[in-house]
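Asks: Grab the two chains, each in its own frame, and use the hints to assemble them into the complex.
For the protein sequence lines, the chains are H and C, in the order given. Start counting the first sequence at 1; every next residue gets the next number (full-length UniProt numbering). Start counting the second sequence at 1; every next residue gets the next number (full-length UniProt numbering).
Since the hints were made in silico from the structure, they are not lab data. Heads up, none of these hints are tricks.
Coverage of chain H stretches by chain C, computed from C-beta distances (three or more under 8 angstroms per stretch; other residues unrestricted):
(1) 18-27
(2) 77-88
Far from chain C, some chain H residues (derived; all Cβ distances over 10 angstroms):
(3) Thr-3
(4) Val-4
(5) Leu-8
(6) Val-12
(7) Leu-41
(8) Leu-56
(9) Gln-64
(10) His-66
(11) His-67
(12) Leu-69
(13) Ala-72
Only part of the chain H face toward chain C is listed, based on derived beta-carbon distances under 8 angstroms:
(14) Gln-30
(15) Tyr-36
(16) Val-39
Backbone N, C-alpha and C define an ideal beta-carbon position, used for all residues, glycine too.
Residue strings, one per chain:
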Amino acid sequence: MATVLLSLLLGVGTVAAGLVVAVALAALLQRRSVPYLLVTLALATVLARALVGVALALDLFPDQTHHTLEHALDAVMVGLVVAAVYTARRGGVGE
Amino acid sequence: MTSTRDRIAARVRSDPGIHVNALVRDLDLAPGQVQYHLRRLDVVGDEQFGRTHYYPPGYDPWERAALALLRRETAADIVAVLLDDGPLTATETAARVGIADSTLSWHRGRLAEAGLLASEDGRLVVPEPERTAALLDRADPSIPERLVDRFTRLVDDLLD
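Pulled out of the complex, with its shape left as it was, chain C reads as follows (with noise of 0.2 angstroms):
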């Protein structure tokens, strides 16, 4: 029988930077019996954004931080375009997105803070794209995750 405690560990490491409140929901348990095993676990806690993400061990900070990130629809979307298609005008990448170019900069801000982007003559880049690459294949979006990604994408469209 698998224990609870597996349960988690197996979680974390399909799913790296997920969020407390993700372990609950998912794995329907109670929060502090998810913060419990945590504690006891081989596991990282980094705080990113006001929220602390889990990781399994071997991910450096920069990787953390670049992974919280990318866990978010629109950042990933943003980042994906760019190795695709990358060096491209913050308009057009935008455009290639499909979103609001208050979206983008919103975003921008963040993956930029995070080493995920830098703009180089006034073109935006990926700096480090194999590393980028193989994160992104690892982020997953949870459900309200997307959701309330949609919905700013949504906002930032009707009102832009």
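With the rest of the complex left out, here is chain H (with noise of 0.2 angstroms):
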């Protein structure tokens, strides 16, 4: 039962972190600007992890890369964003 709701969780989630970064990058397309480049990379790290999240499920490396690799993802969203917010404000300035 436990496997059938994390593979159910697993599908939906790669699913949906897929759509949303095809929107982003869409949005990238148009603006072509550093801030949408970050914020769509942080949106990319939430489909990494999601795919962390099957390769672990298809027993592709133990438990522990799992773990490590979840967080460090973490840490790379959250320095995104505060990168994107950070090249945002520079950019308003400037026009």
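Replies: Encoded structure:
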């Protein structure tokens, strides 16, 4: 039962994250700005997190690696969001 | 029975400025199939902002460029507000539409280039209100176009 629920959550999470990244990429293509690049990359880390979960479920690497990767991706995501906010402010002043 | 070609023609008529991807998705056809029929149909393909939009015959180049832009929800909102309440300053326009200044500024350049928006004494106006209003009625953004537009509104709002 737990495995069925986990597979379902992984599936829904991966597809939803994929859609969000697709929308972000389309927006990035329009705007071609650094803040949009950073926001897209931050959202891509959510997709990467979901894919790491799928890889673990498929036994592609041990649980410890999965754990480290998930938290490394959290750190990357926070860094990207902070950078996006910072560059947006600088861009706004220049305009 | 309606042929595939008739279905494509009907879709282009009902949704002038439609993009190939939308035809493929909405009519559940292969991209190659859509391209093949489009080449043989009496429709006008026009490259606007890096994408080919398809129109029924009878729209002049100004109208085609305008329709491609008015299919964007935010651009259409800006033009609609200015048609109703213009002339307005840029700040007033952004506030009425409910968008960040950076969102307005991005759309403003493209709308001005297409002749849908002009600046008079520091206020924004729609230079050709009748023609523009008629086209605004015909433009209907697809769901992915709406999603991307709302995403940029959200991000601009958050980052502004």
